[in-house]
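*Asks:* Residue-level listing of the chains:
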Amino acid sequence: MSVCKGIMTNLSNDEVKHIAKLSRLELTQEEIDKYTDQLSSVLEYVEKLNEVNTGDTEPTANIAGLNDVFRDDEVVVSGISHEEIGKNAPEFKDGLLVVPGVFE
Amino acid sequence: MQLYSLTVKDASDKLAKGDITSVELTKSILGRIKQVEPKVKAYITLCEEEALQSAKASDERRKNGKTLSEIDGIPVSLKDVFLTKNLKTTAASKMLEDFIPPFDSTVVKRLKDAGCVILGKVNTDEFTMGSSCENSAFGPTHNPWDLDRVPGGSSGGSAAAVAADECIFSLGTDTGGSIRQPASFCSTVGMKNTYGLVSRYGVISYASSFDTIGPLTKTVEDAAIVLNIIAGNDPHDSTTVVEEIPDYKKFLKKDLRGKLIGVPKEFYAKGLNPEVAKILDNAKKVLVRLGAKVEEVSLPLTEYAIATYYILVKSEASSNMSRYDGIRYGHSALKSGIENNETGLEEIYFKSREEGFGPEVKRSIMLGTYTLSAGYYDAFYKKAAKVRTKIKEEYEKLFEKYDVLIAPVSPFPAFKIGEKINDPLSMYLADVDTVSINIAGIPAMSVQAGFTESDNLPVGMQIIGPMHGEGKIFEVASAYQSATDHHLKKPMIS
Chain A
142 MSVCKGIMTN LSNDEVKHIA KLSRLELTQE EIDKYTDQLS SVLEYVEKLN EVNTGDTEPT
202 ANIAGLNDVF RDDEVVVSGI SHEEIGKNAP EFKDGLLVVP GVFE
Chain B
1001 MQLYSLTVKD ASDKLAKGDI TSVELTKSIL GRIKQVEPKV KAYITLCEEE ALQSAKASDE
1061 RRKNGKTLSE IDGIPVSLKD VFLTKNLKTT AASKMLEDFI PPFDSTVVKR LKDAGCVILG
1121 KVNTDEFTMG SSCENSAFGP THNPWDLDRV PGGSSGGSAA AVAADECIFS LGTDTGGSIR
1181 QPASFCSTVG MKNTYGLVSR YGVISYASSF DTIGPLTKTV EDAAIVLNII AGNDPHDSTT
1241 VVEEIPDYKK FLKKDLRGKL IGVPKEFYAK GLNPEVAKIL DNAKKVLVRL GAKVEEVSLP
1301 LTEYAIATYY ILVKSEASSN MSRYDGIRYG HSALKSGIEN NETGLEEIYF KSREEGFGPE
1361 VKRSIMLGTY TLSAGYYDAF YKKAAKVRTK IKEEYEKLFE KYDVLIAPVS PFPAFKIGEK
1421 INDPLSMYLA DVDTVSINIA GIPAMSVQAG FTESDNLPVG MQIIGPMHGE GKIFEVASAY
1481 QSATDHHLKK PMIS
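Residue numbers (my numbering), protein chains in the order written: chain A, 142 to 245; chain B, 1001 to 1494.
Next up, chain A with everything else stripped away, as it sits in the complex (with noise of 0.2 Å):
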C-alpha cells in the first residue's frame, strides 16, 4: 500500500462496494472482485502524476479558457412534442414519464 496525502491507491473490496454504490452500479461479487485488482492497478499508475510539481498553477477545465458564454434571454421551441420524448421512456402516460413514488 502506498499513501500519500493520505490516499490509498490498493483498495479492497469494501471500498469497491461503496465505490459501486455511489455509481448506483449493482455488483455480482465476481465484479466486485475483478474491479478491485483494475481499478488498483489505474490508481497505482496514476500516482505518478505526484512527480509533476504544480505549484501555482491554474487547473484547466475548458480548454479555450472559456468562463460563462451568454445567448440572448429568447424562448425558442424546440418543435419535439412530449409525446416523441416519451417513446423511448419505459413507462409514459398523459404526457408524463412514470415512476414509483419517492415518498413513504
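Simulated from the structure, these hints should not be mistaken for lab results.
Honestly, I wouldn't trust all of these hints.
Unchecked claim - Derived Cβ-Cβ restraints for the label pairs, each shown as a range:
#: 1; chain 1: B; residue 1: Glu1050; chain 2: A; residue 2: Glu171; range: 41 to 49 Å
#: 2; chain 1: B; residue 1: Glu1355; chain 2: A; residue 2: Gly196; range: 45 to 53 Å
#: 3; chain 1: B; residue 1: Glu1050; chain 2: A; residue 2: Val239; range: 26 to 34 Å
#: 4; chain 1: A; residue 1: Asp235; chain 2: B; residue 2: Met1492; range: 56 to 64 Å
#: 5; chain 1: B; residue 1: Asp1378; chain 2: A; residue 2: Arg212; range: 28 to 36 Å
#: 6; chain 1: B; residue 1: Val1286; chain 2: A; residue 2: Leu238; range: 55 to 63 Å
#: 7; chain 1: B; residue 1: Glu1295; chain 2: A; residue 2: Lys228; range: 52 to 60 Å
#: 8; chain 1: B; residue 1: Leu1488; chain 2: A; residue 2: Ala202; range: 57 to 65 Å
#: 9; chain 1: B; residue 1: Leu1488; chain 2: A; residue 2: Asp174; range: 31 to 39 Å
#: 10; chain 1: B; residue 1: Leu1425; chain 2: A; residue 2: Gly196; range: 46 to 54 Å
As the list claims (entries may be wrong) - Examples of chain B residues lying across from chain A (beta carbon under 10 Å, computed):
#: 11; residue: Ser1028
#: 12; residue: Thr1045
#: 13; residue: Cys1047
#: 14; residue: Glu1049
#: 15; residue: Ser1298
#: 16; residue: Thr1308
#: 17; residue: Gly1330
#: 18; residue: His1331
#: 19; residue: Glu1346
#: 20; residue: Ile1348
#: 21; residue: Tyr1370
#: 22; residue: Lys1383
#: 23; residue: Lys1386
#: 24; residue: Val1387
#: 25; residue: Ile1417
#: 26; residue: Lys1420
Ideal Cβ placement from N, Cα and C applies to all residues, glycine included.
With chain A held as given, fit chain B onto it using these hints.
*Replies:* Quick look at chain B alone, frame taken from chain A:
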C-alpha cells in the same frame, strides 16, 4: 475502377459532370457492403432503402440545378454516437439498444443540409470507451487489412468502413485518439480537430471537455472538403468557436519550403515498434526532401499524459453516464420484469445500469466516481487538471517556433483481437501517442505513411498543429500525400 472506391473529390467531380448518378454510386457501395460486411462487420445499422431514397432525391436536385453543396449525393457512414432523427442510435451499448432519437445532431443536420446520403451507423467501443472496437455490445469490427486484428478504436467502424470502401467517408469522434488511431490502423486519413471547432450538440458524450468530432476519409483533400461542411459555430453548443472559419481547401497543395517541423523525442522512446519507427523516419525524409526543416524537440510532460488523461476523462465520463437512469430513455429494468409499483426508484437505477452497461463503461464510472469523491477530488481530479494546464503550456511554447509537430499515432500497428482486452491498463497505455493532444485541445491528423514489412499492416503519421492550426496541418499533410502513394493501396479482404 469501381464506383465504391472513389474519393469524395472524384465522386463529386463525376456527379457534377453527369458521368455518374448518386443512385449508381450508392448502389455500388451497397453492393460492396453486401460483399465484405460479413467479414468486416463495420455497420451496426444499415439503411439501404432510406439511402437509395436520398440518393434519388439528390439526383433530382442536380437535374433541376438545385444541388446543395459539393458533397450532395455522396454516401457517408456515421459512428453510432451521432443522434439521427428516427434512426436508431446505440453508442454500441445495450443501454441504448432500442434508442430512437427525436432529433438530429448538428453535424448530421449539416450533412443532410449538404445533401449527403446516410448509409447507416457504424461500430464503436461502447460509449466510445476503448481503443479497439472490442468493447462494442454488438461484437468487434475486423480490420480489413487482417481480419484477425482490431481496426482500432473507438471509431473502428468508421475507419474499417472507409478502408473497405463501404462508404465514401465517415464521421467519428476523438476523445483521446479515437479518430487518429483507427485511421492509422486501417490506412485512412483521420482528422481530430481543435476542441470546439465542430459542434458536439446531439453527439453522445464521453468526456465533454475532451470530445471532438472529425472526418475519416481516403485522402487529405477529402478531409478538407468535409471539414468545410461541418466546422463552425453552433448556438446549441456554447463551447463552439465564434470566429469565422477559413476555407480549408486553400491550404492544400502548398509548398513546404520554409516550414519548420518539430519531432518530439519522447514519442520515439522505448516501446516504439522498430518497423513503425522506420516508416516514420522515411516519412520525415520525404518532408525534408519537400523543403521542410525538421528538428528534434522535447515535450517532457508526455510521460504524464496517460495518467492525466484517464483521471480527467473517467471523472467526466462518470458524470455523463449518470443520465442513464432507466427512467427516461435507454435500457430499463422496468422493461425486463421489475414492476413499477413493486419497487423503489433506486432499485431501478441499480438494475438498469447493471444490465445496460458493459465492463469498460462500468470500470470508467467506478474510477471516475472514486476520483471525484469527497476526500479524493483534490489529489486526483484537481491535480490532473493542473497538470493539464502545464501540458497545454508545453505545447503552446513549442508552437511559438514550430509550424507543426510529427509523431507516431500509435507505438505499434493493429494488434490481434483479444490480445489486450483483459488488461485494461495495457489498453490505456496504448493511447500514449494520442491523448496529450486532447489534453491540450489542439488538432492533429493521422495520414497514411506506409506498411510494415513483416505483416503488411498500415502505419499512420501524426501531424500535430497549434490551436486552430488545422490549416498548417493540411499544408503539410497534403504536400506529403502528393509525394507518396500509401493512401492508394487497398486491402485484399478475404
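*Asks:* List, from low to high, the hint numbers that the structure doesn't satisfy.
*Replies:* 8, 9, 10, 11, 12, 13, 14, 15, 25 and 26
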